[in-house]
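Protein chains in written order, with the UniProt record's numbering: chain A, 1 to 381; chain B, 1 to 381.
No lab work stands behind these hints: they were computed from the structure. Not one of these hints is a red herring.
For identical chains, the list gives no copy identity; a pair is met inside one copy or between any two copies.
SDA-like, lysine to any residue: derived pairs with alpha carbons at most 25 Å apart: (1) K299 x K318; (2) K326 x S171; (3) K299 x G277; (4) K234 x N314; (5) K376 x S106.
2 protein chains.
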Amino acid sequence: MAKEGVDMTEETEYMIDRNAGKEAVNVESPSNAKEMRAVVLAGFGGLNKLRVTKKAMPEPQDGEVKIRVKACGLNFLDLMVRQGNIDNPPKPPLVPGFECCGIVESVAENTQGFEIGDRVMAFLNYNAWAEVVCTPVDFVYKMPDDMTFTEAAAFSLNFVAAYMMLFEVASLREGMSVLVHSAGGAVGQAVAQLCSTVPNVTVFGIASCFKHTSIKDSVTHLFDRNTDYIQEVKKISPDGVDIVLDCLCGENTGKSLSLLKPLGTYILYGASNMVTGETKSFFSFAKSWWQVEKVNPIKLYEENKVIAGFSLLNLLFKQGGCNLVKSAMDKLLSLYEQKKIRPVVDSLWALEEVKEAMQRIHDRGNIGKLILDVEKSPTPL
Amino acid sequence: MAKEGVDMTEETEYMIDRNAGKEAVNVESPSNAKEMRAVVLAGFGGLNKLRVTKKAMPEPQDGEVKIRVKACGLNFLDLMVRQGNIDNPPKPPLVPGFECCGIVESVAENTQGFEIGDRVMAFLNYNAWAEVVCTPVDFVYKMPDDMTFTEAAAFSLNFVAAYMMLFEVASLREGMSVLVHSAGGAVGQAVAQLCSTVPNVTVFGIASCFKHTSIKDSVTHLFDRNTDYIQEVKKISPDGVDIVLDCLCGENTGKSLSLLKPLGTYILYGASNMVTGETKSFFSFAKSWWQVEKVNPIKLYEENKVIAGFSLLNLLFKQGGCNLVKSAMDKLLSLYEQKKIRPVVDSLWALEEVKEAMQRIHDRGNIGKLILDVEKSPTPL
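With the hints as extra help, turn the sequences into a complete structure.
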């Protein structure tokens with residue numbers, strides 16, 4: 001795995017973190033502890049802004065549960081947060097992370113539906129990368145008995161996003177076709193699995209060449225990101241595709257719209273092309289906003305096309321969508337229990353290894369999900 | 001009914017047309033006739049560009065049926081065609097009109113599914129406003145036995161458009177809310193009726209004040225176009241609405257987007273605001289294209305919104321969507337036979353009265369559909 005941009009200064013700091021981690025492992029568990037370990041982002045910037053430190057133990061407020069975290073999900077969005085490359089970023093220092101799973105350790109007053117000892121997964125509006133989190137029960141879901149914590153940390157965000165895009169924003173039905181950019185990523189793999197639950201759906205995946213052997217069985221057709229995939233798709237399906245899922249933004253938007261069949265839907269669910277280097281680039285959020293090709297509604301009218309955006313975190317934390325998400329999660333857990341879907345895990349990392357994990361996702365080296373395993377000790381150098 | 005813009009020159013010409021019409025009525029019917037009456041648009045412009053003349057009798061080609069027309073639908077789009085205010089307009093002289101109904105008079109070779117005498121409705125890519133039309137069977141549908149020709153001419157375009165927007169582009173479900181601009185128009189009334197086939201759907205209608213008494217029972221809430229309807233809707237539904245259907249374009253686009261709930265869908269299906277006077281205005285198609293507020297996909301991403309365009313005629317005649325339309329028509333005919341929907345007819349006009357009919361739709365004076373009744377004689381002045 002590449003380590004571009006990780007200089008010696010960082011490496012030294014990393015060693016310090018690593019020791020902090022080991023120390024922390026030793027003090028873990030006592031539920032009356034006053035402190036916990038967490039990944040902290042000291043300021044927006046490169047990997048050197050991340051460290052593992054002790055923080056005051058959080059306590060649940062009315063309507064919240066306190067969760068002893070076992071594993072957390074790492075998403076591309078976490079890189080954009082680190083760079084401050086998002087709209088209205090919160091003020092650092094902050095604890096990153098939007099999803100985790102673990103065991104309910106305590107339950108505040110006016111909190112219904114959960115008991116101490118429940119195995120749960122949860123969405124958080126930041127603060128997920130810690131040994132302990134507190135969050136309102138609206139964002140907490142019980143894990144199936146046979147789901148591991150690793151699976152749970154890989155499940156919630158990616159499968160809910162994939163499900164809602166395919167079935168709520170678009171209306172995936174028998175016989176349709178779907179193009180997914182970043183087919184090797186965690187959302188891409190979730191999309192591929194969910195498509196396979198509907199009869200006769202054709203999935204066109206775009207992925208870097210080196211992932212093809214690993215993921216070729218998950219999609220119908222696989223194309224290299226560097227080929228003229230628009231032409232390749234049109235060779236197979238001259239009329240285009242019904243649904244395009246794009247987490248890249250940028251020039252892919254126009255290309256993808258041109259691939260849509262009449263009544264087809266293009267969904268933008270991320271903008272990872274905005275991240276070009278380890279630190280926030282000239283091609284940053286504000287710039288990108290203006291550089292992205294805007295869409296004229298009259299063009300959509302003439303072409304009978306649909307363009308949509310999907311941000312699960314905004315839906316959950318800014319737009320009051322927790323009931324919609326709960327309903328999607330219920331359907332997904334049923335599919336999981338029927339063994340129709342199963343999260344693909346790329347790799348497990350200790351909290352102290354968050355920088356290497358981020359570098360791996362930055363380099364698009366992953367196939368499936370990167371997990372921060374809170375109980376894992378850093379792998380010796 | 002207002003007659004603004006109809007000057008004396010036109011009135012004189014109209015009298016000539018009227019006589020032509022009367023003469024034509026006398027020669028109607030013989031199926032071996034070499035000529036037929038049709039409305040002809042001599043060039044793009046005002047009402048004076050329209051006249052009723054004789055044209056050579058069309059004969060069906062392979063895969064086509066020849067239909068003795070009983071009635072035709074008049075749509076706002078026909079005004080835009082008259083002004084040349086559409087993208088890539090065909091070269092005049094031309095016969096306008098996109099829909100009609102009548103009786104199959106002959107069937108060409110390689111034409112399956114229809115017999116002489118069948119009562120049918122049909123979409124045409126122009127040429128509908130005539131005594132006889134020929135069209136491929138892909139665009140022809142059998143009428144239910146108890147449907148009148150007047151109903152049929154009011155049915156196809158508006159109900160298919162309303163159905164596909166509500167159920168194919170958006171996914172109207174129980175408990176949702178729909179805002180429809182031009183609630184008193186033919187599409188607006190079709191939307192209202194289709195919404196009533198789904199439990200617990202709230203319909204917000206926008207219409208000119210003078211229509212309110214007539215249409216108030218068709219929608220849940222009705223607002224005057226000139227009030228601040230955005231605020232009025234928000235008073236009733238603070239979270240906004242699930243679906244907005246807009247045939248106006250212009251400033252309504254931004255306003256309507258702001259009214260959408262998360263995961264809500266805005267559908268543009270017309271741009272009637274582009275028509276401001278009797279002739280093509282400064283605010284014409286090319287101008288409008290640039291004046292319409294363009295949408296940034298990243299904004300859709302942040303807000304979890306969907307924006308779509310729907311043009312039934314492009315779908316049918318440019319994008320090969322006749323199977324999609326056939327499927328919608330089948331469902332609509334079933335709803336009609338269950339007496340769940342019934343087209344609202346505003347008024348019937350002789351071919352020779354097409355100018356007055358167009359003026360009425362231009363002035364937004366209609367409630368429901370304007371029909372050209374081919375067998376009707378002009379009402380004496």
